[in-house]
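S.K.: Each chain, written out:
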Amino acid sequence: MENSIIELREVKKNFGVFPALKEVSFSVPQGSITGFVGRNGAGKTTTIRTVMGLMNYEGSVKVKGKEVREGYALLREGIGYMPETFSLYPYFSCKEMIKFNGKFFGKIDYNRAKEYAEIFELDLNKKIKFLSKGLKQALSFIIAVSTNPEILILDEPVSGMDPIARNNFLKILSEQCGKNGTTIFYSSHILEDLEKIADRIVIIHKGKILLEGELDNLKENYKRIAVVFKDAINKKDIERIEGIKRVEEDGNGFLIIAKRNPKNVLEQLNKLNPLSMDTYDMNLNDIFKEIVGGKDESTN
Amino acid sequence: MKALIKKEIREHKWMIITGTIITVLYSFVTALLRAKTIMGCVTDTIAKNPNLTLSQLSQIEKSSELMIYFSKTFFSSVFINSFPIVLIIAIALGVSVISYEEKNNTFEYLLTRPVNNAKILASKFTAGIIAISLMVLTPVLLYPAGMRCIVKTFISKRVVSIIGTSKIDPASAIAFIKGNIKAFPVSLSALLYASVPYILGFSIIFAFALLGGILLRKHSSFLKASIAIIVYVVWAILWAYAFGTPGANGKFATGLIKLPINSTLRKFGFNVLFLNSNYYNLHHIPLLPTIFGIIALVGLFFISHFVIVHRDKI
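If you read the sequences in order, they're chains A and B.
Just so we're aligned, residue 1 is where the first sequence starts under our numbering, counting upward by one.
Just so we're aligned, residue 301 is where the second sequence starts under our numbering, counting upward by one.
Excised from the complex, chain B in its bound form (with noise of 0.2 Å):
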């Protein structure tokens, strides 16, 4: 089973390796934009309140307001703005991986060996939720660091200029915000409580497009990239708007396609597996979406395995 989740990881390593380096990137240009936000943020409360004290702001970040639109400009860049990248990934690498082992013949061979069906599936499923975690894991954890380095080079002049005009004295300011950002946004573990649904999320995707891999495994490279672009845009259009998009004062907005179920699933935070970031939960991980997402991927990964199981007579 390991030999067979490397072989994958192997077999697919130029998409992984493209996929993070770009979601990386994106992470790290998002955060030299977000950066500047917050700190406009931080300057804008001292500049509305020049008579702001360092325990007055203090006591803004601990009433959380703060908090709770740094945590957000930081999920929804990171989540909302990869999404499409990762998205495209998951999609092409469900497709590829029993479509390189046709191409090849290949797929013959691991069926001839002896291990079960169910083993060679779910090594690929496993590959497939390894890249996408590292894909979804490494920008989460490297954009705080991405932000962190951002404040420090560019922004501490701008801040250390509109603190001047206010009644805090400008060092104990910045250290003020530097321990912020320091400790911004919140522990690895509420990174990795927040990111555990979208990678589910993303797993299913990867694991439908495996099972249309399967299915469309004699056809054309073409239908085959036509079929998973009308699954890119059916998903977008569910996320941007069966289950609403962040609005204004952290409202959303009503989606144009309204589910029965909508506030249901909103209501658990199942909208978290269809990739809206904006039930992302830093203190545990959603219970009930964590579940259905296992319960979705299972039943995937019984369908998948019974098409390979029947496949010449599919």
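Just chain A, with the same shape it has in the complex (with noise of 0.2 Å):
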């Protein structure tokens, strides 16, 4: 992609024999915000950790067209990330760690630090080891943005949020975007609120990616289906219509999952006589377990 501000070729990296990460490539659009979406120990963390320059891979990573083994260290600058982990030094006081932070960029909005810690309800002065796992990220994502980011890089970073600050959170971010044109790059589980923000989603499993795209031709492309027929449907016939990806008997009659095209499938299926037939629109949360799969004991 031409205007692609991190892009990742055929990455591979392994754990021993245990290969984390199989060919992956994606790229990142400038501007955009861009979810990273997969199960546990799918590779997200550790995709994120290559495009930092954490750890060492084959193939190509590039992020602002330079590859990021060669003087990476200069890249950072326009990089705000925050790690699925707390890396905060437990004896500063959040103020100094704000300040902390700001000499490695050698600019800091303290104001606009200021002015996020207040919606997140975070006194400054405290030391960060007497913060809740909530505040410590609302922090690291402070830190973050504290520094006016090219790019922002989240992994995981609402899972010690309430529900408030998770909406703080994804206001904060889609400002970031909207007013700064920052590049925001988010690995999250919780796909509601990819769904509020994300206008890109790139799904990774078994360390290898299974879709990239905007998010909205995702949605416009799965549906769901349901439909009921006049006659005996043999439900291998409806499995031959091109662009469906599951079909489930349903009592009288059909549900039906659209992967790809859902027009055609909805005139295939038209052809067949429906008594009835509804389209559904699903959401993030339903196209993830589609793509990916796996038994999902809620559903059952």
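There may be inaccurate statements among the hints.
Just so you have them, the derived chain B footprint on chain A, three or more residues with Cβ under 8 Å [what the hints assert, rightly or not]:
| # | segment |
| --- | --- |
| 1 | 51-62 |
| 2 | 78-89 |
| 3 | 204-218 |
Simulated pairs of lysine-lysine, PhoX-like, Cα-Cα distance not exceeding 25 Å [said to hold, decoys possible]:
| # | chain 1 | residue 1 | chain 2 | residue 2 |
| --- | --- | --- | --- | --- |
| 4 | A | LYS114 | A | LYS129 |
| 5 | A | LYS235 | A | LYS271 |
| 6 | B | LYS306 | A | LYS271 |
| 7 | B | LYS524 | A | LYS126 |
| 8 | A | LYS95 | A | LYS107 |
| 9 | B | LYS403 | A | LYS103 |
| 10 | B | LYS306 | A | LYS129 |
These aren't lab readings, by the way, just hints derived from the structure by calculation.
Glycine is no exception: its CB is placed at the ideal position from the N, C-alpha and C atoms.
Given two chains presented individually in distinct reference frames, assemble the corresponding complex, making use of the accompanying hints.
M.R.: Right, dumping it as structure tokens:
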């Protein structure tokens, strides 16, 4: 992609004999909010750590057009990074931590940090060791954005935040992207949040990229269709229709998941004289489950 | 870089403060004991020669016999006696500068800032050397003050009583001794000259421990502590035996382990880097050991840097 700010090509990474990343390729366009989704152990954190220059790898990882392993320290000047695990000095106060971080970047918008701290109800004079998990995450986030980065890389940023803090977080994130044009690369298990703000989605599974694309296109393509036929129809006849991912018998009818060109699927189903046919939009959570598969006990 | 060094010192401030307090206390206690010995040496000289005049006493002092004794006892007191404490803290500091970061996940934080890994490592090395310098120099600089204080308070009476048996006017003898103590033992620059190789020696140990800390970062504290103890014991054996310990009349006892390069090392004063106190130099910084020490430190820095860069493979 021409305007990619992060680009991975055939990236491989092994931990001993275990292949953590198997020829991972995707790109993050400049100014986008890209959601990075996958199950536990799919390779999200490994990918992010590779992009941050924390791991050796095979293949190519480029940030702002430059290979990560070459002179990467200088590239990090424009990157705000929030790792999955807290990486804060417990003996610092929040204020000291923000200022300490600012010294690496040579610039810091302390007023903005203060403003965000008020939103999260975070006392900047408090020592980090006395903060709750959610507040530590809020501080990590404030640290990442207070240097006004060009790219914001977030790895599971809201796992400890309460719903109000999460909403505030999403609001700030949207502002950051809208006003400052920050590119956001955001890994999370909370897909409802991603759905609210992301414009692109990358899905990784067992070290391989399963899907990369615009969220709107994805939602346009994935539809749930409930259909009831007058006559008895063989399930296999439906499965033959192009663009169908899965067919499930549901009482007198079928529950169909279309993954591509749902208009064509509907046209083909119409030809089979359905008694009724209803189309439903799918949310990102459902789409993710369809793509990645795996057992989900809650839906049984 | 300055912010990083400050952070390192803050992170280990209790270790550094404790180390410095212990070495200073040790130095004062040693001063108390040594002061008695030194004063005993002066008074014994007078007692043995009841006809000794002040100018003759002065001649003895000038013949440097007394000064050598003063200097030797001084450096062996401060360096050798505080050596185990500084060594333990240098090892603990070296191991913990990386493992503390690993424990709090802050190493990843540092490695993702727009700063070279080499700078991060350099700040850790610098902080370690500053901490060691503090622990070595503080007692060294306070020792003469402690000695003077002790002499003034406790010894004068005894000197007066012994000097009373000689032909020397007690008042001038006391003035002479006090003058000696005041000038004791050598100038500030000489103290610093003598301290540099020791600081380098401890810094090398610190750098070894730091490298060990990176290599063992994922292992338990018990294993780290065990390895630290082994390093300490090996070093102590080297110090005590391989390079010889001071014997009677300033001669060296033969080391149990006879390294073939032992005599060459001694000749150039290299064993000062191994914290053997008998090669201190009061007139200049010993060039070869210092160069050797700096090269060793730089070498350990590059090895540590290599390990950090390739840490996920190691």
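S.K.: Decide, hint by hint, whether the structure agrees.
M.R.: The hints, checked one at a time:
1. Figure legend: the segment 51-62 of chain A, annotated as covered by chain B; annotation consistent (5 residues with Cβ-Cβ distances under 8 Å, at least 3 required).
2. Given as covered by chain B, the segment 78-89 of chain A passes the check, having 8 residues with a CB less than 8 Å from a CB of that chain where 3 are the minimum.
3. Interface restraint, the segment 204-218 of chain A with chain B: violated (0 residues with C-beta to C-beta distance below 8 Å; minimum three).
4. Straight-line distance between C-alpha atoms of LYS114(A) and LYS129(A) comes to about 19 Å, which keeps the hinted pair within the 25 Å bound.
5. Restraint check for LYS235(A) and LYS271(A): satisfied, since their Cα atoms lie roughly 15 Å apart, inside the 25 Å limit.
6. For the hint pairing LYS306(B) with LYS271(A), the CA-to-CA distance comes to about 76 Å; that exceeds 25 Å, so the pair is violated.
7. Only pairs whose Cα atoms come within 25 Å are accepted, and LYS524(B) paired with LYS126(A) is rejected, the gap being roughly 33 Å.
8. A hinted pair counts as satisfied when its Cα atoms are at most 25 Å apart, and LYS95(A) with LYS107(A) qualifies at roughly 15 Å.
9. At most 25 Å may separate the alpha-carbon atoms for a hinted pair to count; LYS403(B) and LYS103(A) meet this at roughly 23 Å.
10. A hinted pair counts as satisfied when its Cα atoms are at most 25 Å apart, and LYS306(B) with LYS129(A) qualifies at roughly 19 Å.
In summary, the numbered hints that this structure violates are 3, 6, 7.
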